[in-house]
Amino acid sequence: MVKKVFPKIYLIIILALLYAPIIFVVIFSFSNTTNFTFPRGFSLEGYRAIFTSSHAEKLVDSLKNTVIIALISSFASTIIGSVSAVGIFYMKPKSKATIENVNQLPIVNSEIVMAVSLMLFFTTFSFPTGWLRIILGHITFCTPYVILSVMPRLMQMDSNIYEAALDLGASPIKALVKVILPIIFPGILSGSAIAFTLSIDDFIITQINKGAATGIDTLSTYLYSSTRSASGFEPFWYPLFTIIIILVITIVLLVNLNKFKGKGKKKEEEV
Amino acid sequence: MQKNILLTIKNKIKGFHITRSVFAYPYILFLMFFVIIPLALILVNAFLAEGKITFQNFIDLSKDGASLKVLGHSFLVGVVTTGLCLIIGYPVAYILAKMPSGGVLVILFILPMWVNFLIRTLATRAIFQAMGVSLGEGTVIFGMVYNYLPFMILPLHTTLSNIDKSYSEAASDLGADPVTVFLKTTLPLSIPGIISGVIMVFIPTISTFAISQLLGGVFLFGDSINDKFNHGLYGVGSVMSLVMLVFVLLSNILLKRFNKGEAKSSVW
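These protein sequence lines map, in sequence, to chains Z and A. For what it's worth, the numbering used here labels the leading residue of the first sequence as 17, then goes sequentially. For what it's worth, the numbering used here labels the leading residue of the second sequence as 592, then goes sequentially.
Chain A on its own, in the form it takes in the complex (with noise of 0.2 angstroms):
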């Protein structure tokens, strides 16, 4: 009797697939703890003020005129730093991927990216002070642009040398000159690499932390929400975070919409 249970026992754990999907199962529970749930506190704060939930956050926030003028000069200097990547990092890119060798000389302009951009900052910081040059809003686009140029030429690097050639050839074949070709074909065709080279480019800029700080002496809106939380205005600085986080989240589906996986190109 007792080796007949025994028997079953040992049957059903025999019996008992286990499906591979287990090997998951603790990484989710570390999401959960280590991603989702301190992402919903931020939302929690942002509601929660003297243990009653509000919108006085919100308000304090549209009240703290500070705050309001860093979001805004972030907001510009986000757009400057982009515009310049755009304007500088595009043809790189463009001329990297007509060359034979474009993809391995693409290593050469990512490759200053992994040294720590404090490293980066700090010597880009005593260049300007051995040529004498001032601190300010100037320097400060110019550390910014250096050390997100590659975030915009990576990308698009990745859709311009992707794109079918013929397209191109078709176009000058039929009588296109060499601009309305570039404009009529390569252009739009680029589209989605120029949109994933703004958004890395546009968030880690208005969201930096230190850099604007040792470049110029420019507080930015990362900056901000780190003082927020230093001075204990849990509220406001979860607000603050939402902001940039409801950011980062439609970048996202922007990006999601315009490339569907396919121009996915990462450093590595």
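Only chain Z is shown next, with the shape it has when bound in the complex (with noise of 0.2 angstroms):
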């Protein structure tokens, strides 16, 4: 009995730790402080100066701005991402090892060698700062991502498909359309998915590439200069992180769901 009891214990003290953090912000987003304390009893204030503090402004601009640069660079980054999965699985092997394996290179690499890395090309060919740099440089840790989920559902598709439709008439684009597109879909949808979520989530890339004067702040640069400022931590943060966790755990959740029931459809129909 105890031997039964033991091993679970054991994973609710990990799960408790883990998701400490996260839960204190959560309860403390209501105590309007930035010290995890409740002097002044429950309120929402704190959830009220996300619109009317002083930084209300710089705020909404920055979450404006990640938003932006998530919803074009994840736009990019599927369909860069969906076209090549399509022409990589029909590569010669040798020459389709190599593109992967360099596909795989943003995604092992240690984010601040790419992020200087990109930083050095964009300073060496002169491009402009600001926009342009952050958004290349989203899409280039996304893709592969896109490319990754794509590949798994080209390689479950069964070939003839295509070749059918090419027998009975259509043309290579029509049955890349028709055919190819239906099959790939849930992995472009999983694709475009992660590619959002991390370029929300990018800190660093977005950090070192930005440029200091061009003044775009995406959240997570704005919550890093606002740790170093000298006014301090806002006490809005806590509301806004409350936020977040809830969009980013439900949205996450929502995939793995999903992602299960898939798998239980295909179980299903091999029985």
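Because the hints were derived from the structure by calculation, they are not lab data. It is possible that part of the hints are untrue.
Unchecked claim - With a straight-line Cα cutoff of 30 angstroms, these simulated DSS-like cross-link-like pairs (lysine-lysine) come out:
| hint | chain 1 | residue 1 | chain 2 | residue 2 |
| --- | --- | --- | --- | --- |
| 1 | A | K756 | A | K654 |
| 2 | Z | K24 | A | K643 |
| 3 | Z | K194 | Z | K108 |
| 4 | A | K847 | Z | K112 |
| 5 | A | K689 | A | K756 |
| 6 | A | K756 | Z | K20 |
| 7 | A | K660 | A | K775 |
| 8 | A | K847 | Z | K24 |
| 9 | Z | K275 | A | K689 |
| 10 | A | K756 | A | K775 |
| 11 | Z | K112 | Z | K24 |
| 12 | A | K756 | Z | K275 |
| 13 | Z | K20 | A | K775 |
| 14 | Z | K110 | Z | K24 |
| 15 | A | K847 | Z | K20 |
| 16 | Z | K275 | Z | K194 |
| 17 | A | K660 | Z | K24 |
| 18 | A | K643 | A | K660 |
| 19 | Z | K190 | Z | K108 |
| 20 | A | K660 | Z | K275 |
| 21 | A | K689 | Z | K110 |
| 22 | Z | K108 | A | K847 |
| 23 | Z | K24 | Z | K194 |
| 24 | Z | K275 | Z | K190 |
Here the structure is a predicted model, which is why all the values come from computation and not from measurement.
Got two chains here, separate frames each, mind docking them using the hints?
Below you can see the structure in the form of structure tokens.
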């Protein structure tokens, strides 16, 4: 009996530790302080401050930037990634392996090295500072993940279907759109979700490539600079964190549950 | 005559078989520009000082006591963090692999990772401050373990749940006690997972940016690289990035050798 309970207690302790900071943020987002205390009891003042504090304009601005950058770069990397996944899938084995290895580089490379290498590239070839650099950087680290999420779909596909469409008179483009696209669509969808999340979540690439003079800030870079500013850390951050945490956790749970549903269905079909 | 030519052209166009690999060409160019050339620039800058190709940057770095100290210190923090993650994470992965619902439960352990690391780090800092713990080496390591533990649990869980149960069953049928069964079957068979976990924790830990500063004012290798570039020391910064890059590439070769592509685990 004891033997069976002990592992569960261990798991619960580790889970509690992992979630403690997140839970504390959510609880103390209602205290309108930054030091995890309740001096004035429960209040929604912090939530109001997101829109009313003297930093509200900058905050909303950086939120807008974050979303714009994420939308543009996840859209671009979804298109690039899906199209090239098809291309890579039909390459000769040797060149396919090479491209797949290079495609792994942005994923395995340490973020700081990638950020710095992009910065060197952008300055060497004098790319205009600001938006272009940030968005190109984001596309660079998002696209490999889109490819990785589309690839398995292509591998599961029965290659005869495409040939059959061609035999029945469809042009290659039509066959691509009508036959391959619907099959890989779930992969494209989850790929774009990953790209969007990664872009929103990014700090290092943006921080190093945004250029100090442009004044462009995303949420994470603004957060970072406000932790270092003399005026200190404002109470509106915890309410904002809470909103982000709830959003992120909901999205990730939904995507994962979907995946499990998909797996269940496949198993049923196999049976 | 003209019609004839037109027809042959038309036929040629029709006959031209668009191989589908064409679709990859734009991305190949993209990779060339935004992955290969930037990394090549690091290599070039590492050997470039005052417009000449020299080893000067390497010599500068080897004389730069402060940077070497940061490198050594990062290494130490990396080793301690990785060790702790392994000790804490292995039992978690092991228990989850034995549970029927472990495949779903493991998501709970990965979930916090999706919340931005700055948010989690700042929250951890606030907890320490509320408890009156002074920030320093200990809090940095706690923060690192907290941040990277999921990276250890995930590959370990994948490997452990793929191990064929008949090995350990056979061992216990043949009279081995549970400890021997674990040491002689499960542990050796989980080595590929251990190696991926160790690499997935160690590399980001030593190259981390901002976490250690926020949690204890400690400067690690990643911060140091950023600092060098901020101060316009592109040469030395490039050498340091190169060191990091070599670490990354070596560990990936190691990973491939041990995993042979089977225990590929991703968060999604």
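May I ask which of the numbered hints given earlier this structure violates, with the numbers listed in increasing order? As far as the earlier hints go, 1, 2, 7, 8, 11, 14, 15, 17, 20, 21, 23 are violated by this structure, in ascending order.
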